[in-house]
Each structure stands twice: as C-alpha cells, then as structure tokens.
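Add chain F to chain S, keeping to what the hints say.
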Amino acid sequence: MSPLALDRTYEAVMSRQAEILQRAAGIDYEQFRHGRLVFDYEGLMASTGYTLDQIAGIQTQCKVGCTPMLELKNLTRLARHLAPPGHGARIFIKDEAANASGSFKARRASLSVWESRRRGYSGVIAATSGNYGAAVAAMSAMQGQRCLVLQEVYDSQGLGQPEIVEKGRACEAYGAEVWQTTVGPELFYVHLLLMEETGYFNASLYTPFSVAGIQTLGHEVGTDIKELTGKPPAAVVVTHAGGGNVTGTARGLRAAGCESTTIIGASVDLRGLNMASDLDFNRKSFTTGHTGFGVPFLTNPDRTDVPYNAARALRYLDRYVSVNQGGVFYITQLLAELEGLERGPAGNTSLAAAFKLAQEMPADDVLVVQETEYTGAGKHPTAQLTFARDNGIEVVRGPASMNLPGKTIAIPEHPSDVVYQEVDLERIRKSYLRGQLLRLGIADPRELTQDEVQYLAAETRLTTEQCLQMLATHTS
Amino acid sequence: MTSCPGRRWVEIGFTILEPADRTAHLPEDTKRVPYYVRVKGCAQGEPAVGETVTIQTLLGRSVEGKVLRIDPEYGHGFGRPIQELIDAGSEARALLRGLESEQ
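The listed protein sequences correspond, in order, to chains S and F. Letter by letter, the first sequence follows residues 1 to 476 in the working numbering. Letter by letter, the second sequence follows residues 477 to 579 in the working numbering.
Rather than coming from a laboratory, the hints here were simulated on the basis of the structure. Think of the CB as a built atom: it goes at the ideal place given N, C-alpha and C, for glycine as much as any other residue. Careful, some of the hints might be misleading.
Computed Cβ-Cβ distance ranges for the label pairs, DEER-style [unchecked claim]:
| # | chain 1 | residue 1 | chain 2 | residue 2 | range |
| --- | --- | --- | --- | --- | --- |
| 1 | S | Arg-439 | F | Gly-482 | 48 to 58 Å |
| 2 | F | Leu-575 | S | Val-396 | 23 to 33 Å |
| 3 | F | Leu-575 | S | Pro-399 | 17 to 27 Å |
| 4 | F | His-501 | S | Glu-465 | 30 to 40 Å |
| 5 | S | Met-14 | F | Phe-554 | 34 to 44 Å |
| 6 | S | Arg-439 | F | Phe-554 | 43 to 53 Å |
| 7 | S | Glu-71 | F | Arg-573 | 12 to 22 Å |
| 8 | F | Pro-495 | S | Glu-465 | 50 to 60 Å |
| 9 | S | Pro-68 | F | Leu-535 | 33 to 43 Å |
| 10 | F | Asp-563 | S | Ala-18 | 52 to 62 Å |
| 11 | F | Gly-553 | S | Lys-63 | 22 to 32 Å |
| 12 | S | Lys-63 | F | Tyr-550 | 21 to 31 Å |
| 13 | S | Lys-407 | F | Phe-554 | 23 to 33 Å |
| 14 | F | Tyr-550 | S | Gly-26 | 26 to 36 Å |
Covered stretches of chain F, as calculated for chain S (at least 3 residues, CB under 8 Å) [stated by the list, open to error]:
| # | region |
| --- | --- |
| 15 | 489-499 |
| 16 | 511-519 |
| 17 | 529-535 |
| 18 | 547-560 |
| 19 | 568-578 |
Coverage of chain S stretches by chain F, computed from C-beta distances (three or more under 8 Å per stretch; other residues unrestricted) [unchecked claim]:
| # | region |
| --- | --- |
| 20 | 163-171 |
| 21 | 328-338 |
Next comes chain S alone, as it looks inside the complex:
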C-alpha cells in the first residue's frame, strides 16, 4: 500500500512506530535482545562492522577528524592563580569546530550517511535541533545523499530560539529540506510520518553508527595528549546531553589505552524549566548540553527514536557535574579574550567545568575539554543574552548562586565565581534501576536472574555486588 493511503492520524501513526523504526533503522535490534531485559550492547556496537581505522578512513574522506589539540595556557595560568599551591592542571581543548559543518557532530553524521548509502536508502532523515542537523546535511551534501532535518524551533507565537534558527539556516545552506516545528514531544510523530512518507534512513543520534563515529574523537584525544605530554589525560570533560558524546569519547579513550582517564560529564543547569513547555521554551539560553536532556537520558536512555539507544552514558561516567548559564557565557568571553578563540556554546559548557576542576587537580595533570563548535549569528553570547533580555530574563553580574534558570543569568564577577555542582550519580543510578524494575513489573529484585543483575551492573557501572546492594536498599 502506498504510504499516502495510510491513516496519518496521531494514534494510527504511533501504533505503527515499531515497523516504521525498524524499516528506517536497517538494523534488526531483536537479535541482540535476550529475554525481558538483557540486551547485548557490545554485540550491537560490533554490528556496525567497522573498525576504528575504517571509521577514521571514512571520516578523512568526509573532511572530518584529526582536529587540532590546543593548550589553553592563559586560562591555565588564571586557574593556577586561583588554585592551592601545586595545583592547576594544564587545560587542553580539542578544536572540533575544524570539522566540516563546524562541530564534533560531523563524526556521528559521517558514518550514518555513509551507511545509508551503502544500504541503498534514497535519503536520510534526522530529528535534531542541534549541530547534528547541519552535520547530517553537510555529510549528505558531500556524499550526494538527500537530507531532511526536523527541528523544534518556535514557540506558539512564532518566536524562534536564535541558536536553533541558525542551525536551521546551516541545514538549508547545505541543501537540506528543513521542517521546523513548535514546542512539543509530537516531534516524534512528525518524524515517524516523514520516515514513512520518504522511506529514508533514520540517521538518529542514537544508532551504533552515530556512537561509533565519536569513538575516533576519544581515540584522537588520547593519542594527541600522549604525544604532546607523554602521558594519558588525567581527566576528560565532556558536554553531556543525549549521551552519545560521553559514550563514544569514553570508548575511544579506552581504545587508545587511556583506561585511567576520568570521564566527567558536564551539563548546563536548567533545572526548573519544563522542556515541553511552550512558555519555558524561549526562556533558556542553551538549547542543548543541558540537564533537561542530560538527566533523563541517564535515567532512561531508551526514550529515543531507535529501539535501543547505543548512547549509554551511565556505563562510562565517573563523575557528572552541572554548571550555570552565566558561568558558561563568562568562560566563552574569556576563551575569546584570553585565548583568541571565538567558539560556540556547546564545548564551553565543559570548559566552564574544566576551569574549576583544573584548580582541584595537581599542576602536572592534564585536563581535556574534548570539543569546540563554530559560533556565529544566533549562537554567540551577545545574541543569546540579547534574546534572554528581550524575553524578560534578568542579566546581571553576580555569584553562581544568583543564577535561576528562566529568571536570572548571573555573569561571574571574578574567575573564582566559575564553579560547578556535583550531580549525585548514585541517585541517578537508583533512578535508572527503579525505572527498569518498574518497567518489568518486578517488586522484589530477587526475582532477577543472574544475567539480568550482571546487565544492570554493566548499565550502571557498578560491580554485581554493588548493584545487588543498591537494588536491595531501594526496594527494602
């Protein structure tokens, strides 16, 4: 039957989601599922069939990868001035803005678009309001593939978030058809409609191809730093939203022999703002890399547009921290004025955290911020802060405690005001486990098989014993 003859109502399309996703994913996820819970995650990742070298080779052809690793000597000097004696780690940044399309997302998109062509799809579709849209569009442009991008951009008054308006412009500049919606989770419904109508490959952020594409970034970070400093990085800070960046980077670092490197996720604190709210939508100054994505994707990674999410950050995070909007704008300004680098918002989230984290680390340690992104109209701090003011947000100088998402942005009065807050990973692990038990309808964790406990332990980065203990405490 022609897709046009199908019932296109919300309920009808949602009821067809399993078959639509299956067709657009090109992967039989069921082969990796064992019983009610256990999923062979490594089997899924291996199913891409690409070695790290092959991925790097494809990315080189796509003008992606081998980006510069830059030492931020002036920010390091400033951090050391604030740090206790002997402290203040060397801060490096991986200049991912140098990738075609201007962000690390090109690594994810390069492999997805490549795979869509290899599998004979006539086009790709991606639902994203981030840099990933431009990345998929650019990779499609150079590989001769057709590209459709779906973005959440406008509130009900037709007011577009400037950062996303810019990302939409970039997609169109690379020749993509762009659908721009108002606020709401029904984006998924439109995504399904368009996948069904076009028969395109779902270049989701959450496929194994997308995550495998980031592994080269982690690998480069590890090898760059070993080459430059003679040892692996002590820690890598990763801006965290959907989980792919953390997952791919951590896997790549391991492949580069950096098992001792601490993986620290960082998100902008937007707690209190509802991500599905029409009114809150334009009251945030960061459209990704924030806790509104970061936290739910840790506690429930599978609420995505694929049957099983290959981005599973809870498996890899050693620490998770949040920073405030004012701190990120401040560090963005300092990156420009002290280091001569005007770069976009995303990597600067982890840079704000890194600036404080470095002060707590020995001076001979190396701390890496693993991405930058391009900046410009809409993305620049002046664009975002003007938009914030026009939407009634107060912008002032003041300490971190003055920041209130949706109300006040406080630009630090001194570099010592750039701080982070530790996010309790134990609470997140408990929440993840609670969700899994609820989904399975299990009240007593003793009902879990040994394989299931082992799976949950791997999912939460715990030993089997720690996991059992956490399950027991939660349900007692």
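Leaving out everything else, chain F in the frame of chain S:
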C-alpha cells in the same frame, strides 16, 4: 527573483495537530496551542501571504501550506553589546597582565 522566473522562495506553515488532538501529558501552556510546522521552498507564480500554495522543497518534494513569508529573511544576528561581558573580559585581561608582571 530573476534567478528563478515565475517562482518565489517562500515559507509556508500548517497545523499538524489541533490542541484537542495533541498528546496527553503536556504542560497546560503547550496543551492550549496547536502543533505547527514551517517549511521553505519554491512556490509558482506570485503567491501572497496567507494564500494556500504547494511548494517544491530543496529536495523537490511537494508540501502544501499557507504562505507565512515571501523571501523569508534569516532574522537572527549577534544581538546588542552586553556590557557585563565587555567588563568581564577587560577584568580578566587585566588580572592576567597582573600575573605576568608578578613573574
């Protein structure tokens, strides 16, 4: 537009879901408004704002909707100067200069 005679680059919009047809579990403010989408492409002839037209998108696909804007401008820019950031940058540079002179 001399480059494509007989056509105009426009932005169209259409409601995908009326408020009553939207998903459950939405915040009240979102529940009250329709779910709306905008797409750009070429319309034949000289379309007027408000007119219902079928456009050809950049992929050559046909999409029907109401014309919202003709030659839609990307309105985003760099915004106004932010004095708080200008001050923050100057202070940080002065602080760094002070550290250098201490050495």
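**Asked** Among the hints numbered above, which are violated by the structure, and what are their numbers in rising order?
**Response** none
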